[in-house]
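Colleague: Going letter by letter, the sequence shown gives residues 1 to 273 in our numbering.
Calculated directly from the structure, the hints in this document are not laboratory data.
Wrong hints could be hidden among the right ones.
Stated by the list, open to error - Simulated pairs of lysine to aspartate or glutamate, EDC-like, Cα-Cα distance not exceeding 20 Å:
#1 K46 to E255
#2 K63 to E208
#3 K116 to D162
#4 K46 to E265
Keep in mind the model is a prediction, meaning the values are calculated, not measured.
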Amino acid sequence: MENFKLTNLFTIKGIAAPSGLLYTQNVLFIISDSSNFLYQYDISKKLLLKFPLVKEARENIEKAEKPDLESITQHGNQLIMLGSGSTQKRNTMFTLDLGTDALQTQDLSALYGKLKTVGSFTDDQLNIEGAIYAHQTMLLFQRGNSKNSRNGIFIIPNNQEDGIRFVPISLPTLDDIETTFTDAILVNDKIYFLACAENTTSTYEDGEVLGTILGVMHAPTFEIIDVQLLSEHQKFEGITIYNETENELEFLLCEDNDTENLEAEIYKLNFQK
Numbered sequence: 001m002e003n004f005k006l007t008n009l010f011t012i013k014g015i016a017a018p019s020g021l022l023y024t025q026n027v028l029f030i031i032s033d034s035s036n037f038l039y040q041y042d043i044s045k046k047l048l049l050k051f052p053l054v055k056e057a058r059e060n061i062e063k064a065e066k067p068d069l070e071s072i073t074q075h076g077n078q079l080i081m082l083g084s085g086s087t088q089k090r091n092t093m094f095t096l097d098l099g100t101d102a103l104q105t106q107d108l109s110a111l112y113g114k115l116k117t118v119g120s121f122t123d124d125q126l127n128i129e130g131a132i133y134a135h136q137t138m139l140l141f142q143r144g145n146s147k148n149s150r151n152g153i154f155i156i157p158n159n160q161e162d163g164i165r166f167v168p169i170s171l172p173t174l175d176d177i178e179t180t181f182t183d184a185i186l187v188n189d190k191i192y193f194l195a196c197a198e199n200t201t202s203t204y205e206d207g208e209v210l211g212t213i214l215g216v217m218h219a220p221t222f223e224i225i226d227v228q229l230l231s232e233h234q235k236f237e238g239i240t241i242y243n244e245t246e247n248e249l250e251f252l253l254c255e256d257n258d259t260e261n262l263e264a265e266i267y268k269l270n271f272q273k
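Can you make the complete structure from the sequences, with help from the hints?
Modeller: Rendered as structure tokens:
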């Protein structure tokens with residue numbers, strides 16, 4: 001039984017291939033997997049601003065060169081944006097202080113190398129698509145969409161000497177193809193995640209989209225306690241909390257339509273608790 005309502009809320013002109021969202025301080029922050037700008041959209045004013053993350057920032061960057069920013073999360077006043085790690089050019093983390101606009105950049109090649117070792121992944125299998133920072137721990141969501149890869153969650157404590165762990169997660173199938181993580185968010189003691197089925201065996205090449213699910217996990221154990229089919233043909237790649245009432249959660253989602261059109265479709269998802 002469906003306990004959600006999905007509606008197309010608005011279109012933002014000027015953004016191609018949105019891959020992550022974060023709503024905070026009445027502003028919607030958006031990353032794109034083909035751009036090295038951070039986009040800032042004022043919903044009430046319908047105003048879009050662009051924050052360059054590198055010198056000579058570009059949009060619609062060719063696939064071989066793109067930074068592939070797929071994850072955005074918040075820790076205190078810091079926005080954290082991560083590349084997917086699926087190629088050597090996709091190993092960068094950007095951290096933006098929302099109070100001072102101070103930007104920091106970090107090369108995650110060494111960390112991502114450790115993740116491959118811990119998870120027994122080859123270089124072309126690592127594909128980080130979501131991030132959650134909570135309780136002095138970073139959770140990174142591995143999208144297992146390449147051949148022989150696996151979905152799962154990397155658990156990275158602040159003190160990495162305590163040990164990085166990888167927890168494989170088995171996700172539902174659509175048309176006999178396992179869905180794979182595309183984003184996740186923590187709300188109270190539950191993780192709400194998006195997972196898409198795509199007919200491809202590559203972290204690099206896109207395939208036919210077979211649909212997207214919304215799943216709910218018990219955060220302490222990663223046990224999946226609910227799954228809803230959101231669409232049979234759309235690929236949702238970003239989720240953020242928009243509003244919460246006693247009985248309902250409102251999320252914002254973004255869709256990656258795998259085109260170069262400079263338009264980002266933003267959806268509202270009303271989910272009954």
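Colleague: Hint by hint, which ones does this structure get wrong, listed from lowest number up?
Modeller: Nothing - there is no hint that the structure violates, so all of them hold.
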